[in-house]
Amino acid sequence: MAECITSRDNAKIKYACKLAQSAAFRNQEKSFLAEGLKLCPELAKGCPLKVIYYTERALAKSPELESLPGEHYLVQPHVAEKLAQVDSSQGVFAVFGMPEPGWETVASASAQKQGGARFLALERVQDPGNVGTLIRSAAAFGFDAVLLSDGCASPWSPKTLRSSMGAAARIPVLEVGSMAQAVQKLRDLGVLVLAAALYNSVELGAQPVQPGPGGLCTVIGSEGQGLSEETVRACSKAVRIPMSDRVESLNAGVAGSVLLWQFRGEC
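Residue numbering for the sequence shown follows the numbering used here, beginning at 1 and increasing consecutively.
Among the hints, a few may not be true.
Stated by the list, open to error - The calculated PhoX-like cross-link candidates involving lysine-lysine, where the alpha carbons are at most 25 Å apart (straight line), are:
(1) K185 <-> K45
(2) K12 <-> K82
(3) K18 <-> K159
(4) K82 <-> K18
(5) K82 <-> K113
(6) K185 <-> K159
(7) K113 <-> K185
What the hints assert, rightly or not - What follows is a list of derived Cβ distance ranges for each label pair:
(8) E100 <-> V209: 54 to 64 Å
(9) K38 <-> G205: 13 to 23 Å
(10) L198 <-> S7: 50 to 60 Å
Don't read these hints as lab results, they were simulated from the structure. No residue lacks a Cβ here, since even glycine has one placed at the ideal position from N, Cα and C.
When you get a sec, could you build the whole thing from the sequences and use the hints?
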């Protein structure tokens, strides 16, 4: 029988709340908090589950929660309210260790995958909903990894996790610092790197795109400013999505998903 936590001031509850609220603390602890009856078991397939909390009502609805690894705690409804990041909480919360893929993951995919690998790179995409959506789309369209520059929303924040629906556990997500430097590393691996930009760009579908021997990467910029000039210069070429003149632009989540479908890998 799982131990029951009845106090909102319990040290474990405070720790979990701090993981939800602070990206710096998540990075320090190499851990994050997730919430959801479906999301937590999904993340457990690819991330080490350390601690899981659930209400009696949630356990009655999903008794399979007891079979998940890690420490287990029952929490009273008022304690669950403190952990909850959404208004209609399902009463399931879990602390996971962050997977930590490195450049060797990218290099291995580029070298070993027939026809080259597929990568998504995001530069300063600050909206967690867009970051989560794009991670989910990358997983759906057979991409091999997602690269995030400095200034991107954390892939492990509660809102990003909800938007990605656990996809960050199914596809490697690397936080790479400078995107221009990451692009150069990709090109050194033989990857064709395409910037989503307007200046000096080729309209999507206007001519065939042949991936490099190491594969292909699509680079998406921030919602307001797009890609930096340094990153665009570092890329192999620029592409743009053909649109009517009724709108000026698409948001990062939509534009990126269109490009991901266009350059999809093995789905």
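A quick look at each hint next to the structure:
{"no.": "1", "hint": "K185 <-> K45", "result": "30 Å, violated"}
{"no.": "2", "hint": "K12 <-> K82", "result": "12 Å, holds"}
{"no.": "3", "hint": "K18 <-> K159", "result": "15 Å, holds"}
{"no.": "4", "hint": "K82 <-> K18", "result": "11 Å, holds"}
{"no.": "5", "hint": "K82 <-> K113", "result": "45 Å, violated"}
{"no.": "6", "hint": "K185 <-> K159", "result": "30 Å, violated"}
{"no.": "7", "hint": "K113 <-> K185", "result": "18 Å, holds"}
{"no.": "8", "hint": "E100 <-> V209: 54 to 64 Å", "result": "32 Å, violated"}
{"no.": "9", "hint": "K38 <-> G205: 13 to 23 Å", "result": "36 Å, violated"}
{"no.": "10", "hint": "L198 <-> S7: 50 to 60 Å", "result": "55 Å, holds"}
In this structure, the hints that do not hold are numbers 1, 5, 6, 8 and 9, in rising order.
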